[in-house]
Amino acid sequence: MALKALDIYKLLPKKNCKECGDPTCLTFAMKLAGGKADVELCPYLSDEAKSVLGASTRPPIRLIRVGMGERFFKVGEETVLYRHEKTFYHPPGIVFRVSDTQAPAEIAAVTRRVRDETFTRVGTDLRFSGIAIENTSGSAKTFAKAVATVEQEQAHLPPVLIAKDPAAHAAALVHCGSYRPLLHAATGENFKEMCALAKKYGCPLVIRAATPDGLARMVKDCTAEGVQDLVLDPAPENLGAFLTRSTQIRQLAITRLVPELGYPVYLDATATGQQDAAVALGIVKYASVIVTDPLSPGATKASLTLRQNIYTDPQKPIQMNPGLYRVGTPDKDAPVLMTVNFSLTFFTLQGYLESTRIPCFMLIVDTEGLSVLTAVAAGKLSEMLVRDSIKKFGVEDEVTHRKLIIPGYASPLSGRIEDATGWKVLVGPRDAAEIGEFLHEEWKK
Amino acid sequence: MRTVTFLPSYRKIDVERGTTVLDAAQRAGLSMNVVCGGLGKCGKCIVYIQSGRVDFDRQKYGRFFTEAELQKGACLACETTIQGDLHVVVPESTLIQEQKILVEGLDQEIDFRPSVKKYYVQLQPPSLADPSPDLSRLLWGIQKSGGPVAEKMYVPLEVLREMPGILRHSDWNVTATIGLVPGGYRVIDLQENDTSKRVYGAAVDLGSTTVVVYLWDLVTGKVVCVASNYNKQISCGEDILARVNFARKNGLVKLQALAAESINQALTTASNTAGIDREDIYEVVVAGNTVMTHMLLGIDPAYMIAEPYVPVVRRALSIAASRLGIACNPNGGVFAFPAVSDFIGGDIIADILACGMGEREEISLLVDIGTNFEVVLGNKEWMFSCAGAAGPALEGGEVLFGMRANPGAIEKIAIDPVTLDPKYSTINGIRPRGICGSGLIDLLAELLIACVIDRTGRINMEINNPRIRRNAHFPEYVIAWAKETDIGKDIVITENDIKNLIMSKASVHAACLSLMKEAGVTHNEISTIYFAGAFGNYLDKKNATIIGLIPEIAIDQIINIGNGAVAGANIALINRRARKTLDDIAYKIAYIELNAEKSFMDEYTGSTFLPHTDLTLFPGVQKLLESCRTRRE
Amino acid sequence: MAFDMNFGWTSTIGEVVLGATNADGGTRRRSYRIGGGTTLPFMEDRAGSPSPLIALEICDYLPFWPPIVTNYCGDLVNNVGEWAKAADGTYGADLIRLYLTSTRQRNFSDIASLGKVVEDVLAASSLPLIIEGSNEPKIDSEVFQKCGEVAQGERLLLGTAEAGKYRSIAAAALAYNHSIIAQSPIDINLAKQLNILLKEIGVQRDHIVIDPYTGALGYGFEYSYSAMERIRFSALKGDTDLAMPMVCSAIDSLTIKEVREAEPAVQDEMAIQWEFYTGIAAATAGAEIICVRHPGTIPLLRKAFTDMKKPGTAAEVR
Ligand code: SF4
Ligand code: FES
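Chains as they are written, first to last, in this note's numbering: chain A, 45 to 489; chain B, -17 to 615; chain C, 353 to 670.
If you're looking for bench data, these hints aren't it; they were derived computationally from the structure.
Heads up, some of the hints might be wrong.
[As the list claims (entries may be wrong)] Straight-line alpha carbon distances no greater than 20 Å define the calculated EDC-like cross-link-like pairs of lysine to aspartate or glutamate that follow:
id: 1; chain 1: A; residue 1: K130; chain 2: B; residue 2: E575
id: 2; chain 1: A; residue 1: K424; chain 2: B; residue 2: D221
id: 3; chain 1: C; residue 1: K662; chain 2: A; residue 2: E281
[Claimed, not checked] Chain C stretches covered by chain A per the calculated footprint, using a threshold of three residues with CB under 8 Å from any CB of chain A:
id: 4; region: 382 to 396
id: 5; region: 574 to 581
id: 6; region: 618 to 624
id: 7; region: 632 to 645
id: 8; region: 656 to 663
[Claimed, not checked] Stretch-level coverage of chain A by chain B, calculated; a stretch enters the list once three of its residues show a Cβ under 8 Å from a Cβ in chain B:
id: 9; region: 50 to 57
id: 10; region: 61 to 74
All residues carry an ideal CB built from backbone N, CA and C; glycine is no exception.
Whole structure, please, built from the sequences with the hints as guidance.
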């Protein structure tokens, strides 16, 4: 549980000496509570206070890095069970699986797909994260060859090596050991050898056990062997098992009840027999590495979008992407209504506009999610912003007229907007509910 | 030389043998009760000689003492001469008692300890036998008549230049005005003859709309006049932002002058009404919001209203009045309250001073509502503050028939739950012209209780009553029919008005909750809520709780302090100790930027409900509303 | 040692009955009791805890409906009764959600025709029914009265009450004993406020289903997801004003760019996956009725939900 500023303040020396860089102990406490300062900055803290404060600021789940080069990914360092409590920080790596029994051409094709495929949403390139090579053949040599095939594509993708036999791993690591692959998996029988390999190549290691206490025991064993970078595979045989175990691990880790479980979770989506469902579930329920067979076009976009959605910061005000939105199929004479990108404003206005059945454009400008009233007050909504937005979203090409309807609460800006844009400004109603009437009366004139 | 030690303060002073104890005490800086002027007639200057030799006629003055007192060595300080080294006990009752006075609008008694004081001194003219210079002669004289120790007084050049003339012209009978300044005292003024009864000071609330002045007689500790007028800066912009922009375009000099003029006008009105000379006003204490204070001081506020919103100064300032163009005694001083941030200014510090929340162990919540609102939560150890825009609804703006608290404004309303007919009263009792803030709060609460509106403020159109109807855009409730009003129109409140009011109250309440959350304090831990601001005086506390403007606590723990800015300025004017705490208060307050506070939006939507979405925060209101609803059904 | 999963829940989700069989005075072949949850979705200990229900959305006036669906279903959609029958039979939905989109035409006033539509659908399928009425204050009251009356005894779920319009729908629901969908725009506070408003005019808790409004995946879905999680969380922590089952309907899913502009060959798959990923995530967050428009999504969701309910056996690892 995060400490409140005042609780922290009570632990501080109250000298108000400014040595921490803050004017008073109280402001320093506020920064600590918000995670914006380091306890070490106060030279007068008692050891006791330090340990209380330190424990609550250290992330309960270890940060693990998989892969090298520009496509490496980091997972872990999560702090909450629900994203609304703070945010989820590190999106799971979604890794496509190939088998060493597949033809080299197929393996290469999957590798190239992961290397090249991007899907751009709201200005971000979404991609899959890496390649998992599974030792289905049982032969270390074949395994090593498949790994070499992947490496030949020069993709520098984070690899995941899946084999039961440490010897197979050893053979494969000769080819990709320097890429910091994730090794799957250490079990009760092989963990000594697997740990030795992980240590030798500096790789993160997946440990596999079906119960949280089994995992916790193995974490102790592996850390005793000197491997710190661990990932937990709760070996789910169906979706329900994954959901239960993953939730359990996350909860025990976050609450620090079982610190041994403070590692990211691995999910083999193929093992459940319901790959797409498993991927979706893994994304929302705490998986950090998801291994799946190559996904269909629909599942590709849906999964990458879901991952992007779930891993955005929920504490930002609900924002729409700024831009020119259409209601119905507006033509060149259709009205243009400007408003802010606070999503409730957007949805409300959109709803009322739809019910007017007058096709129109909504010009959504970026007020960082502030509502009209607050944006005007805070100076976030300005004539410059409106002018730039009209340019940026090409509004002048969409309509032949030059009339802009602005929200009632933005009326103080009307003159300035006219000056800055050269458009005629009509001040709309303050309440979106009246927009229909407004359009019927004012616009039709 | 004899050494006299005064107890219990252990002040020591060396004096000639034969000096009176009273003299010695005054030189040591003790202010003794000398009602008869040291003539041995009043018997007020009682001290006890603990050890040492004195000359005192017990027989002659025996009537002033009981036997027991005499046993303890009681004598009259003015009639006792020092013979040897002494230890003298000065009882509490002999020291000058501070006057208790009541500042308007406050139940708090403030010690009367002004920082300006006049001393009438009759000096011996210099002679060959006593050739000490004019200055030391004067300072000694002041010290002797109970003023500060000579070495601690500083005399500015302006006074020095005039001093020789005044001394001689007045035949060495002069009145010196002494002001407390950091590190000592300053001889502010020197006048001929006895003017010691003419010391005045002014406490000023420098608001962006109005300027209020309380003129005090600093001798008697009484308010002699109150005056107010509009802030003349309005000509450069209605709101603060417009004025900052005006200042940016090289208008700062003008704004500074207008601020000073506005104060001067009020000072003039007040002094004329009271029949005093403005020259006798020696001190002006100003509490204003941060921007106003900056402008009065001629400091550019532009940098402060943009991120990261830091004010130029965060402590109190004393400035010579002449440098600011304030029309009081030219050597008089202006004391400006400190500011914390762009929003938490001197006016809020003044609120805090006025309500005394910074001196108590218990946690208080201070809410100051205007177009902007400020909220402070804390106690003597810590304080959190925040501010935001409430929108003008609570002041009557953005409401169809809203108005300021001027004559004709409906300020109180009750609605009959059966007939839905309202009973209202207006300011000055004339026919209604509109509704002011306190009326709107009553209205909202009464409409809710009468089930005319639901908890989101929507009017129940299924009610069949002529007062409930729909206008072109919105449902509305008729408060006064055209024939009852002064404006010839029905006075109504629309659903949209109600929505604006709820939005305003929600911002205020959400700010309170944000601070409480930051501090980890629940409403049960709040001992007192202080209301300040324009409509604080008339606000119905119960209704303010019913609509959820403020957290629910016991009604008698909610206190209106009204214009806290002027109350605080009054206190700082008449009590110099209080003034010293201001910087401390300003320093202690942590400011929370609500825009940066992610949870604020959440608290806000939670607060857009009457009284609040979380009804467990309002158990009393919840019970009340339930009983109202069942009664209706 | 085994670790306990203790989330500190103190309360349970209230139950709502959808549909009425003969025995209960209706004509449905079955009814559902949703809600009753005591912990996070799919983590109930008790056997027989219900899976989320899958509702297929259909409508009585096509111009406002995504063409992907009408293309996929073919002629069928021209007859709302046939459509309902297919939903029940071919497509295998648990529920039918009928949108009276005809009411959204400008100056619509043919209330009588709506009664006929509802009758047809009730006759064509014996699944419990959700009805979405009008969006126009002027006719709301009549529309809801009509639906309520025609389907009296069937325990409909009537949609949609909002903070700005809840009285007419509540009146119809109270008069004919139906339940209500209470929709608020992606905000736990607003959801709670509406429930309180409904309670205060006499709608019982066991007649309310919360619709926190679902933004399409990629278009604000994350806010809906968190709103649902928070509502469920608060309910389990004892907030009775939020302890109702939730419905998720990402009505924009099939009109967003990714689906609308997909290659024709993969368009159906795109639509299905979009609804499917949304449905899985929403069910995990606590939705107990998942509404879809593409029939192809139904079997996928059903299979997944069945599997999600299976407890892990915690067998030793191979
Ligand atoms: S360094 Fe420590 S004692 Fe000094 S002000 Fe900062 S928190 Fe307070
Ligand atoms: S001063 Fe009056 S008796 Fe001493």
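Cross-check of the supplied hints:
| no. | hint | verdict |
| --- | --- | --- |
| 1 | A/K130 to B/E575 | 19 Å, holds |
| 2 | A/K424 to B/D221 | 18 Å, holds |
| 3 | C/K662 to A/E281 | 10 Å, holds |
| 4 | 382 to 396 | holds (count 3) |
| 5 | 574 to 581 | holds (count 5) |
| 6 | 618 to 624 | holds (count 5) |
| 7 | 632 to 645 | holds (count 4) |
| 8 | 656 to 663 | holds (count 6) |
| 9 | 50 to 57 | holds (count 3) |
| 10 | 61 to 74 | holds (count 5) |
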